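Q: If you're matching them up, the sequences are chains W and R in order. Under numbering that gives the first Met the number 0, the residue at position 34 of the first sequence is numbered 33, and the numbers go up by one with no gaps. Under numbering that gives the first Met the number 0, the residue at position 95 of the second sequence is numbered 94, and the numbers go up by one with no gaps.
Quick caveat, the hints were computed from the structure, so don't treat them as lab data. Note that the coordinates shown come from a computational prediction; the quantities given were computed from them, not determined experimentally. Ideal Cβ positions, reconstructed from N, Cα and C, are used throughout, including at glycine. Mixed in with the good hints, there may be bad ones.
Covered, in the sense of this in silico footprint (three residues per stretch, anywhere, with C-beta under 8 angstroms from a C-beta of chain R), are these stretches of chain W [as the list claims (entries may be wrong)]: (1) 49-55; (2) 70-84; (3) 98-110; (4) 114-120; (5) 132-141.
Selected chain W positions facing chain R (in silico; Cβ < 8 angstroms) [what the hints assert, rightly or not]: (6) S20; (7) A26; (8) F125.
Protein chains: 2
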Amino acid sequence: MTTRWLTPEEQRAWRAYIAASLLLEDALDRQLQQEAGMSHLYYSVLAGLSEAPDRSMRMTDLAESLKITRSRLTYVVARLEKDGALRREGCASDKRGSVAVLTDEGMALLERTAPGHVEMVRRAVFDHLGPEQVEQLERICTGITEALQGDGAEAVTSDDLPWRRRSCSSG
Amino acid sequence: MTTRWLTPEEQRAWRAYIAASLLLEDALDRQLQQEAGMSHLYYSVLAGLSEAPDRSMRMTDLAESLKITRSRLTYVVARLEKDGALRREGCASDKRGSVAVLTDEGMALLERTAPGHVEMVRRAVFDHLGPEQVEQLERICTGITEALQGDGAEAVTSDDLPWRRRSCSSG
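Okay, chain W solo, but in the shape it has when bound (with noise of 0.2 angstroms):
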């Protein structure tokens, strides 16, 4: 098969796109840890349970909504816990699940720490976006995520999705 090399639009969008998800990664990252003592993705496993309601999800549903491999989240999760920002349950509808609760101190951790992570995400991208620009990263970005994980035929990667793996050495 020929490839279908990237054309020079493309390969600088490419490099633009490369470049700034790593300095936002790193710059998330060192804010929330020096503010907070912990990394973007723990934020946001907090950030997801208190929008859920009872403030709990299940560990399977958590591990998808936040695109992560579900051994990942049981190493973040057991973290949490040991914080004392999150407990875990049994699932009553579901044995082989289990539920993550953040706690009222977990609450108050996320509640917080989320100013200062708010206040980096805005000058770090949204001050420099106009309302179109806004727009266009969502239909960009929401692109992505269906070519890749999409039910359909021409998904990319469906079978074999983070949260769907059994084991992950990435993990």
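Use these hints to put chain R onto chain W, whose structure you have.
A: This is chain R only, laid out in the frame that chain W set:
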């Protein structure tokens, strides 16, 4: 200071970005691991060197171009050197520096690996974007990078960019 929370539109765009970037990182790593036993970062080191004059770069410049810490780069370069894909040489003009040079073996590895990687990038990203969206993606990402590493007073983290750090816990 009053927190400048994200608007609903910004929240949607931000969540779409986080989901897409996590899925994409995972898909790129998995494809490259399966085909060539290396993560996307290792591939990026080889690709970066392949485009430099004499296929060589100073470690500091390489870290800056990849937007990562020097300690993380040192780790990656050590493994690629062990595999024979590159070698390190002293830098004639700067005794503190050191230079990474892509070997013929490394170039051959890159050439074998590039078609599968580019196909994944196309299927995940560019097959779903029109020419206008490619340009939008580049503009948005360039704006984020400039916000995070610009030299002006408005730069968010210019004192603390990854490649300028002496040591780094996430290195």
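Q: Take the hints in turn and mark each one as holding or not.
A: Here is what the structure says about each hint:
{"no.": "1", "hint": "49-55", "in the structure": "violated (count 0)"}
{"no.": "2", "hint": "70-84", "in the structure": "violated (count 0)"}
{"no.": "3", "hint": "98-110", "in the structure": "violated (count 0)"}
{"no.": "4", "hint": "114-120", "in the structure": "holds (count 5)"}
{"no.": "5", "hint": "132-141", "in the structure": "holds (count 10)"}
{"no.": "6", "hint": "S20", "in the structure": "5 angstroms, holds"}
{"no.": "7", "hint": "A26", "in the structure": "5 angstroms, holds"}
{"no.": "8", "hint": "F125", "in the structure": "5 angstroms, holds"}
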